[in-house]
Every structure is written in structure tokens, then in C-alpha cells.
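Starting from the known structure of chain A, arrange chain B on it as the hints suggest.
Just so you know, the protein sequences line up as chains A and B, in that order.
Going from the first sequence to our numbering is simple: count from 1 and add 142.
Going from the second sequence to our numbering is simple: count from 1 and add 1031.
Derived by calculation from the structure, the hints in this document are not laboratory data.
Accuracy of the hints is not assured; some may be wrong.
Taking lysine to any residue pairs in the SDA-like style, the calculated list, with each CA pair at most 25 Å apart, reads [what the hints assert, rightly or not]:
no.: 1; chain 1: B; residue 1: 1110; chain 2: A; residue 2: 234
no.: 2; chain 1: A; residue 1: 235; chain 2: B; residue 2: 1110
no.: 3; chain 1: B; residue 1: 1124; chain 2: A; residue 2: 230
no.: 4; chain 1: A; residue 1: 234; chain 2: B; residue 2: 1242
no.: 5; chain 1: B; residue 1: 1110; chain 2: A; residue 2: 303
no.: 6; chain 1: A; residue 1: 266; chain 2: B; residue 2: 1124
no.: 7; chain 1: A; residue 1: 234; chain 2: B; residue 2: 1123
no.: 8; chain 1: A; residue 1: 378; chain 2: B; residue 2: 1110
Chain by chain, the residues run as shown.
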Amino acid sequence: MALVKQETSVTQAGTRRHAAARPIGLSIPSLVLLVLSFVSMMVSIYMIFIYAPTDAVEGNPQRIFYFHMPSAVIGLCAFGIIALGGIMYLWKKDERWDWLARAAAEVGVVFLTFTLLTGSIWGKTIWGTWWSWDARLTTTLILWFIYIGYIMLRGYMGHTFASARAGAVLAIIGVIDVPIVYESVNWWRTLHPQAVLPLGGAPQMPPQMLLTLAVSSLAFILLFSFLMVQVYHLQKMQTLAQRLRASLE
Amino acid sequence: MFLTQTIAILWKDIRYELRSKQTWTGMGLFAIIVLVIFNFAFDLRVDTMAAVAPGALWVAFVFASILGLGRTIAAEREKGSLDRLLLCPVDRKAIYLAKLLGNMLFIGVVELIALPIFMILFNLPLQAGPLLLIVALGTMGIAAVGTLFSVMAAATQARELLLPILIFPLIVPVVIGSVRATSDLIAPVANDPPWLGLIAAFDVIFLSISMLAFEFVVEE
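If we strip away everything but chain A, and leave its shape as in the complex, we get:
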């Protein structure tokens, strides 16, 4: 307990010094990430709405794709980070892996929610329906529920070691379950044949579209990294604060 106290007091002093030096309270790498993600977002907004050519078939609604696809990929990969953090936590017993997993959950769910919303808006204009029980959409929705379950479980259990272990197990089960869900929904839907709808862009995109997609992806990755760093530190401080409170009681 004495060790923990010492560690927390050091961290407290460290954060206070940070806060005194910079009014926003961000460290230099975070500030750089913030500026980079802001600039790349501005550039990608310009490219999406002005630089990229209008799609011949879908028209302007196709531009949602530049927001939709990067956030979908990040939302999916974030769950991979949660599972990786969980496995490493169970293996190494190092709390930092758990903070990483928790940060990925809280940031990833935002990206996945955004994916579902933009996908719905695109679907309404192109397919004429907000939702279709297609394998990809259904699996994304199920993954979203697993995210929410993870965040709720962690929220109820607090910043304890039991909570970290339970979260790790849930993430591992989830990451194995998602491909099975995808396959089963795929099989289920084969019984109800639908018109094959292309998801997103045309198979062969012109170079301007590809470049726009690349820049927009970069902007999303930078934003995700910035948020990850912030939430990671938040998790760390919350854990230390809870431990400090417990030691006082």
C-alpha cells in the first residue's frame, strides 16, 4: 500500500507540473496529435466535398463513404485492441494493458456508433431503407451491443482487478464470437435472397477518390490516436484515484 501511495503522489506532482506549464493541460505529444488531426480533418473535409469527383451512379450521397469506411474499420480494429489488451493483461498482469483496453472500448464505441449512423443515412438514400438485416450490418450491430455490454460491465465493477479480468474474458469471448455471428447471419440470409447491393464505392475508384479516402482515413486514425491517449490517461488517473480513496477509507 505504501508503494502505491508513493507512486500516486509522484503522478499527482507530475500532472500538477504539466497543468501549470500548459493551460490546456495536454502533454506535447498530445498537442501534436491534436493539431495534426485537426489539420488533416480540415484537409479531408475539403477533399471530400470539393476535390473528390461526384460518383456517377450514387451521386453526392456517395461522399458519406469517406466518413463511413474509415470509422467502420477503426471501430472494428478497436475491438481487436480491447481483446489484445485483455489477453496481454491476463498474461503479463500489467495494468497498463487494461487501461489500453478500456480506452479502446470507450473510444471505439463512438466510432462504431458513428459508423451505424452514417451507414443508415447512406442506406436510406441509396437502398431506400434505413436498415437491412445483411450480414455486415447485423454483425456490426451485434458488435456494438458487445461494446455496450463491455462498457456497462466495467462501469459497474469499477477500477478493480476483478473488473480487469472480467473485461479481458468478455473481450476474448467477443472477438471469437463476432466471426461466428457473421457466418451464421450470412447463412441465415441466404434463405431470403435479396438484390446484391454494393457496399460503398465502386470496384474501381478513380485516383482522386482513392486519395480522398486515404486522407480521410489518416484523419480518422489521428483523431482515434489522440482520443486514445486522452482516455488512456483518464483511465490511469481514475484507477489511481479510486485506489487512493480506498486507502483513505
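Same frame as chain A, but now just chain B:
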């Protein structure tokens, strides 16, 4: 040794449930009431029966399972016997297996009561053999994941709320497979995917993972 331990814990749970009897009757009644509610919700007639009946049956089973699963370890926690169980020189896998078998037994009994009533209410004479196989495999999948997660949920203040939120998304493949396999019994479809194989694969995968992961979840 492993088997003896498993059976000892299972027998303890069976005797506990036999003394109280509340869970059994409660779950059975609940399953039947859900079937009756479905009858009103979908205004069942002969032509819609085959399409709706398997879904109604499995929704009833899944809901009833959640009721039973919630009690896996909650009673042990309330009475304080969980610590004593964990202090026993018993492999954690044996505890998990005993709890799983217990849950499967309780849910299975409820399903055996509900199945004949389902056939009478929905007027569907089904072959007992294949249907029992589907029910057994499906129940195993739900219980394998459910037993693990009921331990997690029991550690929180909101276990009744949290348990379905954690389990329902994960058991989607079992629900799809079981409903489809059951409707194949009523009206066979040509070239249908191997639903039983899907459920069996799910069972094997999640039974092994849950058994390995149980020790991380149950420790304080």
C-alpha cells in the same frame, strides 16, 4: 478425481434446488406464459404457425434460461458459501463444469415440461428425437456462455439487468441455428446450411474457452 469433484458440487446444487423448488416451477411457468403471450402477439393461425412457432419456442427457452442462469452463483454469493467453495482444493474447471451441468439440468427439465405444452398449444406434432437433439445442443450453447457470464454479472449491483445484455449478443449464432433447425423439422428446406453443425461448433468452442476463462472470473 476431477469427475468426483464435479459430481459432488453438482449433487450439492441439485439437493439445494430440490429443497427450494422455486426456480423449477417459476422457470417452467414463465416459459409457458411466454408461449401463450406469443399466441396473442402474432395472432397464430394454421398458415402462419410453421413460420412463427420455432421462434416463439426459442424466445421462451432463452428467456427462461436467463432466469435460471442468473441464479448460478448469486445464491452462493448471498449465503457466503462461494468463498468456501473457492477455498476447497478443487480445480476451478470442476466448479465450472458442475455449474454448467447444473444449469443444463435445470433448463432441460423446464424445457421438457414446456415442449409437450408447446406441441399441444401450437398443434404441431413433431418427432421427439431430432427436436430433443436440437434443444440439447442449443441449451448447451446458451448455458456454456451463460454460466461464465452469470458469475461476472453476479459480482455487480445490477446482475438481473446486466446478464441478458452480456449474453444475448453472444448467443446470436445459437438462436439463429436453433430456430432454423427447428423450423426445418416443421417444414424441411432443401439445401439448408448445416445448422446443427453450427450449434455444435459453437458449443465446442465456447465450452472450452469458458472452462479455461472461468478461473479468471471467479477469483476475488
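* Starting from the hint list further up, note which numbers the structure goes against and sort them upward. => Hints 1, 2, 6, 8 are the ones this structure does not satisfy, whereas the remaining hints hold.
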